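Novice: Each protein sequence line maps, in turn, to chains A and B. Note that the working numbering has the first sequence beginning at 1, numbered continuously upward. Note that the working numbering has the second sequence beginning at 1, numbered continuously upward.
If you're looking for bench data, these hints aren't it; they were derived computationally from the structure. Keep in mind that the hints are not guaranteed to be accurate.
Claimed, not checked - Straight-line Cα separation of at most 25 Å, SDA-like style, residue types lysine to any residue; simulated pairs:
id : chain 1 : residue 1 : chain 2 : residue 2
1  : B       : K122      : A       : G166
2  : B       : K330      : B       : P200
3  : B       : K122      : A       : G41
Said to hold, decoys possible - Selected chain B positions facing chain A (Cβ under 10 Å, derived; list incomplete):
id : residue
4  : L6
5  : A131
6  : Q180
Remember, it's a predicted structure, so these values are computed and weren't measured experimentally. By construction, the Cβ of each residue, glycine as well, lies at the ideal position given by its N, Cα and C atoms.
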Amino acid sequence: MATRIKAVATEHHRGRVLGRGALHLTDAAARSCLERGHCDGAELDLLINTGIYRDHNLAEPALASIIQDDLGVNRGHPPKFGHHGTFSFDLSNGGCGVVTALQLADGFVGCGTARFALIVAGDADPAPHTTRGYPFAPAGGAMLLEYVPGETGFLGFAIRTFPEAGLFESNMRWDEAAGILHQGRNVVEFVESPQFAMRCLDHGVAVARELLASVGVGIADVGLLISSQYPADFATSLARRLELPSDRVPRVAPELERTHTAGPIAALEAADGSAARHTLFVTAGAGPTIAAALYRR
Amino acid sequence: MITWMLGEPRPSTHASRIEAVGRELPARRVTTSELMASTRHHTNIDLEKLTGIREHRACGPDESSLTLAIAAARDCLRRSRYTGGDLDMVINASITRYTTGTTHRFEPPLSLSIKEAIGAPKAISFDISNACAGMLTGVFLLDDLIRRGSIRRGMVVSGEHITGLGTNAARHIHNIVSPQLASLTLGDAGAAVIVDRADPNSPGIALAGFTTLAEHSRLCLGLPSWHAPGAQMFTRARAIHDVAMQDGPPLVEELLASYGIELGAIDWLIPHQTSVRAIKAGEHALSEQLGSHPKHVVVTVDEYGNTASTTLFLALHRYLGEHRFARGDKVLLLSVASGLEIGIALLVLDDLVETHGDPN
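So here's chain A without its partners, still in its complex pose (with noise of 0.2 Å):
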């Protein structure tokens, strides 16, 4: 009785003037993973969000219910008994909101209280004009759980932290001289250390190395990494601390590159066809802090 990762999908900006929020990208990736994972979206019990750049900024409600919303998945009005619902919400951990995520949908799903969870990620620039710096490629992903009996599944997880103040932040604050008139608008800005991205990838090592020594793994048995595609060469560049073959790590497509929460499922689509046993999961995100998981098949 265990967790599968049965579809994942990522849509990205195709150069259309209309479709580059958030919520489109989000919505997108999630119609094809369900399409993929030939799953009907009112067999849904879990929708989680991990997004963090979306439209407008919006703060209420959590963008996970719109998103089933769009999707048409159990809308309600009136339930009734017999009937089927779902529970959506927003989880953010910076980068590593899908692993935190996965975490939680696993304890549902693996244990049949939820047969099929689904697990999105999005981001985009929320509003071009009043944001400083915005560093990510504009994506959507979603990641399809089911649960299986039989041996497959997640083996452990290790979120960990490593506070350290000015590496990596991003705030909205109120500008006076903002706006076109300079009548003042809510900014975002953004400010990274040029050392977030070798923290992000001494403290993966770190927690890699941990979690595969607390699930009894040995590295040569790692199959896959899947890793954040942000900071720029993390992937690889942990592949080589880790002394794992570049043929483990999954290359994602060019305008996939710098893809922020979505990110581990843009390696995990560009992995598709791989037959490893075990696939290592590790995400970096501000903080810093790591999120890692070991998944068996």
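With chain A fixed as given, assemble chain B onto it according to the hints.
Specialist: The following block gives chain B in isolation, referenced to the frame of chain A:
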């Protein structure tokens, strides 16, 4: 077997319980009449009569979502047998994420700063967002993790510096149908709750369930203001009220039936606190549908306003502090929030009723 709400069957390797509850209230009180006197336009709205809200608390210049959350977490730990270092997980569940004044943080998550401040550096930490159902969502997640043995104990915490919405709305409201009227009912507060592993025979958190009626997800939208620091919120309050009255009772009925308990056996119903009138209407709708009444319905909105994700635990804290509860009392927490989220947890109170009033 229930199917609409995600909740059952739950893993039963262990049981879980509410171990401690903490809160933080800003000292500054703002009466509803003071707030209505600040509107730019003459509104003719008797908000106090309409909502039953007499006053709310509002952050001072040195307070923020973060400071409220940290103070509530510390109050919670003072009432707990645990230290911060004992916590396996810290979940921040606030809608607002202000660290200072009107600076709203996206990354890193606020939970990271909170756990550092309370001495819980090894706890897994992340933020969740589920509108006013955020804290109950966090309890729902901890209950699952504890029941299946993944963690032993965790904290859900929230600091809501949300009265800026009322300040911004006061410039735009003309009459009672204004989409920003609900912003005038908000209050600032922090709350925290520790959930831990209980004796397997202890009912503790006897049941918990959540569902999202996403058809109504766009009835209440909160986003940064276009004109001023902070945020703005547009609410179709009547439509939300109608959905909650129509769809809430069958969901409560479904979950209570799964546990084999009737509404009349509930000692205390603590609903989300939006207005006294809405709470009374909700109680009436529940009683009509389920054929019985809870013994007591908790109302704190008159004094605190709608404090967003913290309302249920602010009310629980207050009634624990006033020794209203007895050991064995059944307390039903009911969240109704933008999304539209409906969440329920049934607590059977244990020695929390004694330990709460004895901060160490």
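Novice: So, for every hint listed, does it hold in this structure?
Specialist: A quick look at each hint next to the structure:
no., hint, result
1, B:K122 - A:G166, "20 Å, holds"
2, B:K330 - B:P200, "18 Å, holds"
3, B:K122 - A:G41, "37 Å, violated"
4, L6, "4 Å, holds"
5, A131, "5 Å, holds"
6, Q180, "13 Å, violated"
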